[in-house]
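Chemist: Chain by chain, the residues:
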Amino acid sequence: MLDFSDLPVVDVHCHPYRRADALSPEEWVDALAFGGGSPAYLQEGGIDVDAAALTMLGRLKRDTLYFRFMLHRLAEYFGVATTVDAVVAARNRAIANEGYANYAGRLHQAGRIEALIVDDGYPLPQINLDKFRAEVGVEVLPVFRIEVLIQDLLDDDCGWSEFRQRYDESIAEALGNGGYRGLKSIIAYRTGLDIDPGSRSPDQGRVALDRLRRARGRGDDPVKHLRDHLFCRAIERCIDFDVPFQVHTGMGDWEVHLAACRPALLMELLRYPAYRACKFLLVHTGYPYHGEAGYLANVLPNIWCDISEGLPFAGNAGKRIIAEVLEMAPISRVCYGSDVYGSPEPFYTSALLGKQALGQALGELVDDGFLSVGEAQEAARMILADNARELYGN
Amino acid sequence: MLDFSDLPVVDVHCHPYRRADALSPEEWVDALAFGGGSPAYLQEGGIDVDAAALTMLGRLKRDTLYFRFMLHRLAEYFGVATTVDAVVAARNRAIANEGYANYAGRLHQAGRIEALIVDDGYPLPQINLDKFRAEVGVEVLPVFRIEVLIQDLLDDDCGWSEFRQRYDESIAEALGNGGYRGLKSIIAYRTGLDIDPGSRSPDQGRVALDRLRRARGRGDDPVKHLRDHLFCRAIERCIDFDVPFQVHTGMGDWEVHLAACRPALLMELLRYPAYRACKFLLVHTGYPYHGEAGYLANVLPNIWCDISEGLPFAGNAGKRIIAEVLEMAPISRVCYGSDVYGSPEPFYTSALLGKQALGQALGELVDDGFLSVGEAQEAARMILADNARELYGN
Amino acid sequence: MLDFSDLPVVDVHCHPYRRADALSPEEWVDALAFGGGSPAYLQEGGIDVDAAALTMLGRLKRDTLYFRFMLHRLAEYFGVATTVDAVVAARNRAIANEGYANYAGRLHQAGRIEALIVDDGYPLPQINLDKFRAEVGVEVLPVFRIEVLIQDLLDDDCGWSEFRQRYDESIAEALGNGGYRGLKSIIAYRTGLDIDPGSRSPDQGRVALDRLRRARGRGDDPVKHLRDHLFCRAIERCIDFDVPFQVHTGMGDWEVHLAACRPALLMELLRYPAYRACKFLLVHTGYPYHGEAGYLANVLPNIWCDISEGLPFAGNAGKRIIAEVLEMAPISRVCYGSDVYGSPEPFYTSALLGKQALGQALGELVDDGFLSVGEAQEAARMILADNARELYGN
Chain A
1473 MLDFSDLPVV DVHCHPYRRA DALSPEEWVD ALAFGGGSPA YLQEGGIDVD AAALTMLGRL
1533 KRDTLYFRFM LHRLAEYFGV ATTVDAVVAA RNRAIANEGY ANYAGRLHQA GRIEALIVDD
1593 GYPLPQINLD KFRAEVGVEV LPVFRIEVLI QDLLDDDCGW SEFRQRYDES IAEALGNGGY
1653 RGLKSIIAYR TGLDIDPGSR SPDQGRVALD RLRRARGRGD DPVKHLRDHL FCRAIERCID
1713 FDVPFQVHTG MGDWEVHLAA CRPALLMELL RYPAYRACKF LLVHTGYPYH GEAGYLANVL
1773 PNIWCDISEG LPFAGNAGKR IIAEVLEMAP ISRVCYGSDV YGSPEPFYTS ALLGKQALGQ
1833 ALGELVDDGF LSVGEAQEAA RMILADNARE LYGN
Chain B
1473 MLDFSDLPVV DVHCHPYRRA DALSPEEWVD ALAFGGGSPA YLQEGGIDVD AAALTMLGRL
1533 KRDTLYFRFM LHRLAEYFGV ATTVDAVVAA RNRAIANEGY ANYAGRLHQA GRIEALIVDD
1593 GYPLPQINLD KFRAEVGVEV LPVFRIEVLI QDLLDDDCGW SEFRQRYDES IAEALGNGGY
1653 RGLKSIIAYR TGLDIDPGSR SPDQGRVALD RLRRARGRGD DPVKHLRDHL FCRAIERCID
1713 FDVPFQVHTG MGDWEVHLAA CRPALLMELL RYPAYRACKF LLVHTGYPYH GEAGYLANVL
1773 PNIWCDISEG LPFAGNAGKR IIAEVLEMAP ISRVCYGSDV YGSPEPFYTS ALLGKQALGQ
1833 ALGELVDDGF LSVGEAQEAA RMILADNARE LYGN
Chain C
1473 MLDFSDLPVV DVHCHPYRRA DALSPEEWVD ALAFGGGSPA YLQEGGIDVD AAALTMLGRL
1533 KRDTLYFRFM LHRLAEYFGV ATTVDAVVAA RNRAIANEGY ANYAGRLHQA GRIEALIVDD
1593 GYPLPQINLD KFRAEVGVEV LPVFRIEVLI QDLLDDDCGW SEFRQRYDES IAEALGNGGY
1653 RGLKSIIAYR TGLDIDPGSR SPDQGRVALD RLRRARGRGD DPVKHLRDHL FCRAIERCID
1713 FDVPFQVHTG MGDWEVHLAA CRPALLMELL RYPAYRACKF LLVHTGYPYH GEAGYLANVL
1773 PNIWCDISEG LPFAGNAGKR IIAEVLEMAP ISRVCYGSDV YGSPEPFYTS ALLGKQALGQ
1833 ALGELVDDGF LSVGEAQEAA RMILADNARE LYGN
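Residue numbers (our numbering), protein chains in the order written: chain A, 1473 to 1866; chain B, 1473 to 1866; chain C, 1473 to 1866.
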């Protein structure tokens, strides 16, 4: 195992959050943990959300490896016992003592995190980025999530001419004066990744929107045709502005449909001649189908893999994801990311986990004769920061 | 690697069998081994089942890692040479000397196996469970396989009113006075796991059965509609009786279609509001698609993963399955199981393999800083027995 | 880890190539490396192929683990620095000094490569095998790719009677007097692996060809029906001549569609009664879906797995592929292969990698108690050469 703890980090995919100075242990678990449903999820199923149900939900979150790793590392960082109560008390105390920006900055520095590339389409309502920047004390580069815009336009119930004009102009504004460094799509959560590249015909947008407005709710076909078309338009804007397109692939929460989020479904689109000039960043590298993303990054020259969300939310998967993506993806096409949110702590523990996982995966490649130690060190530097900086021109 | 050899075991998924005191080496291989086809499989393909073909079939079974592990462990247990002949002779001798129940009880005790949760829908005709209980000297809790009942009702060729009434009453009887602790479905072997949750409409059962009876064999559409509906009815009975529903996912034998058995196909159904109160145990945790099952067990609060069949039939996969399922599944949602059958020996060797695989997988999580040794020991105890006891209220 | 460096090797799947005595570093990278697109790929996308684009393409190839491993091993072999320039200079010098056949023969001997089973359907135009045999100094057994023949017949635009007759006769000639040792199909690159076994009806070939000729280019349906039928005919010829059928599964280059190349899609066909007498070799064992291929090789008695292309082109995947395929595939059903081409060097480095990966995978099986050291040595011998010799009757 190699030691990369001193290398700088650019987090290629994460989310801004609202500052919270003091949290109860339950609020902290709820803000940072992953999975296991929610009271609303149970209620919608007609299940009583009593004390036993709440205990069950909390226990599921605390029983994930993701949560255990974070708890152990923070207990070490604060020098307290490995319990939620002790860690949260230490966190609240530190913020009260030194102020939020200092606390966040010190954690980012401990992880050597130098820049965050954030998707501010989550959470909603959107976080003010200037405020966020001031609070976290680290460089923040935003990407623009097209689905927020699409929902706004659908809510306004306008015709295609207006829809298309506002769609194009809003994206151009975001990428021009707006300071956004690229686009992001979560179409995998909506109508799935089997996007027909032929959807780029402007007629498809018009016909699909017309059908949708005349018969809202009758079949999901027009919705899919509309979203596929708007996805294609977004690719074209990325080419125009020479910025990357982040596409969610693979894991999400309970709303993503596993059968529709595989990177393999994107292949026809990614290799379509008109789109070969677009730089696609496959967000979450499609975990648990990350082998497909690595494959695409090998055979197509315009694909980047972001290992976020699998690392850190899939616990000990990190070293496996890195090793398996690198089976085929060129070293220059893999980027560290976390997809975390909510509070500075997981940004720090994710960076620790990312460096540990890289140290194990690249160390094994040295042991097995694939890389010299020097090549491995260069690879770690590229994956942790340089590839993202090159991709986002920063 | 941690040593869990002294921990108690509950086998959450296995099958009863008919007692056989003396077996020839060939019979023993045939009774316990897995895969590689059968004389009937070859005959149906017009292939001569001559001595060479039989040798080939036997060799395929003996060339699996599953078989090699079992042979090595039994040779150690009996203190004989690592050959089929020596092991089978030792087994037959032990049964003759001490009696079947003592022999079986001693093997279960060596593996610290305390309870078997058995699906008596295999083999057919069904095994008498009282007799089986007396022979194996260990606690036996049965689950009820709905497909045996469905086949009986289809064979009786009755109308929907009678079909539905007998289906519901038979399940209620099994879960009430019958002593069954839950249901089990192998719809993955039949019409596949892409079950539409809208199938719960009673009309779908009536229409599908009517179409099926009028045009038996013309397309599989009515069969699928009927099975999907009956699957939904079975979920509702599990909710009524507050018992778990075991659903076969992933690997089986040559009759399961790999493309129709992925856990991902179940997602729409598992998260359907009306079914959120049902506890689903994903049998075989969908191996080789076990990453999908672990994902579902993370993002949905009512999913359990049973690692049976992959462990032990997929040889050295056990430690990988456990590690990869735990990437996302909460520790409280993973259960040891074997899916073995036929004779007491594989129950013992599967328990050995399960403990070894857990020791390796959890030991690595300790090494990588995800769990303390204490947390790993608690996790092993939960996965080997406590999670199954909690799930089955035992 | 066990040391298998002295064991003989039969490469069950690779390609002949045109001799090139002196290559520039760029030509050498281009001839041997994998992935990352090509100037033509970019041009078709309207992208300028300027110096920066060429540098990017070269960098992607050099940034793969496959390439790094090859470079390190060749630098050691020649005793030169680990740079492309030094290795290519040493290679060109060696060929100039000792002659091509001596150079190639010495590399093959260093890897103990004794026989190559070659698919001469790639590259096109086809390589003269007598010439190739003389140049490489090692036994060469060819297999016949049906898609080359199909394309020729389609180009001739003949009716079904002539098409069918020429198709059957050409295959019979190849397998009879032609010296071909079996067939090969890349239908995964064309219309996908979801081949309906009912396609064997002769009517399907006639109707599909008629529809295709009347409406060439209108929908891919007739193409798929025709290819499925011809695939079925090829299976029948393999049964007649008792030779194996190599079927491409899983990874290829950018033209294979990941969603259509999974081994699972073949299941219905592989288990179809009429085809149970055919020996299928699943080329590339379906990587990254190799778990599916291993499963098929377990539950069906007529399936072999070839680990080529994943090993060596997927870098450090080799030991994982072997370990995961052996989870279910009997040891007697797994064959070493490389799928390399272009020059003798990758044949040598692939053999090194294959032996290293086997040493690691089988060594772990010994450590975990699945195999004795003797069993592991026998398994290595079988996988490296004996299984392929048995399959091809050599």
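Don't read these hints as lab results, they were simulated from the structure. Among the clues, some could well be false.
One copy or any two copies: either way a pair holds, since identical chains are not told apart in the list.
Unchecked claim - Calculated lysine to any residue pairs in the SDA-like style (CA-CA distance at most 20 Å, straight line):
#  : residue 1 : residue 2
1  : 1603      : 1832
2  : 1533      : 1751
3  : 1751      : 1566
4  : 1751      : 1556
5  : 1751      : 1740
6  : 1751      : 1610
7  : 1751      : 1601
8  : 1751      : 1527
9  : 1696      : 1586
10 : 1533      : 1593
11 : 1751      : 1530
12 : 1751      : 1501
13 : 1751      : 1516
14 : 1533      : 1850
15 : 1603      : 1531
16 : 1696      : 1518
17 : 1533      : 1844
18 : 1696      : 1740
19 : 1696      : 1478
20 : 1751      : 1497
21 : 1751      : 1574
Owing to the predicted nature of the structure, the values given are computational and were not obtained by experimental measurement.
Chemist: All the hints need checking, so say for each whether the structure fits it.
Modeler: Here is what the structure says about each hint:
no.: 1; hint: 1603 / 1832; result: neither (37 Å within a copy, 47 Å between copies)
no.: 2; hint: 1533 / 1751; result: between (35 Å within a copy, 18 Å between copies)
no.: 3; hint: 1751 / 1566; result: neither (41 Å within a copy, 42 Å between copies)
no.: 4; hint: 1751 / 1556; result: neither (41 Å within a copy, 28 Å between copies)
no.: 5; hint: 1751 / 1740; result: within (15 Å within a copy, 32 Å between copies)
no.: 6; hint: 1751 / 1610; result: neither (25 Å within a copy, 45 Å between copies)
no.: 7; hint: 1751 / 1601; result: neither (25 Å within a copy, 42 Å between copies)
no.: 8; hint: 1751 / 1527; result: between (45 Å within a copy, 17 Å between copies)
no.: 9; hint: 1696 / 1586; result: neither (39 Å within a copy, 53 Å between copies)
no.: 10; hint: 1533 / 1593; result: neither (24 Å within a copy, 35 Å between copies)
no.: 11; hint: 1751 / 1530; result: between (40 Å within a copy, 17 Å between copies)
no.: 12; hint: 1751 / 1501; result: neither (36 Å within a copy, 24 Å between copies)
no.: 13; hint: 1751 / 1516; result: between (40 Å within a copy, 16 Å between copies)
no.: 14; hint: 1533 / 1850; result: between (36 Å within a copy, 16 Å between copies)
no.: 15; hint: 1603 / 1531; result: neither (34 Å within a copy, 40 Å between copies)
no.: 16; hint: 1696 / 1518; result: neither (30 Å within a copy, 28 Å between copies)
no.: 17; hint: 1533 / 1844; result: between (40 Å within a copy, 17 Å between copies)
no.: 18; hint: 1696 / 1740; result: both (16 Å within a copy, 18 Å between copies)
no.: 19; hint: 1696 / 1478; result: neither (46 Å within a copy, 55 Å between copies)
no.: 20; hint: 1751 / 1497; result: neither (42 Å within a copy, 28 Å between copies)
no.: 21; hint: 1751 / 1574; result: neither (36 Å within a copy, 46 Å between copies)
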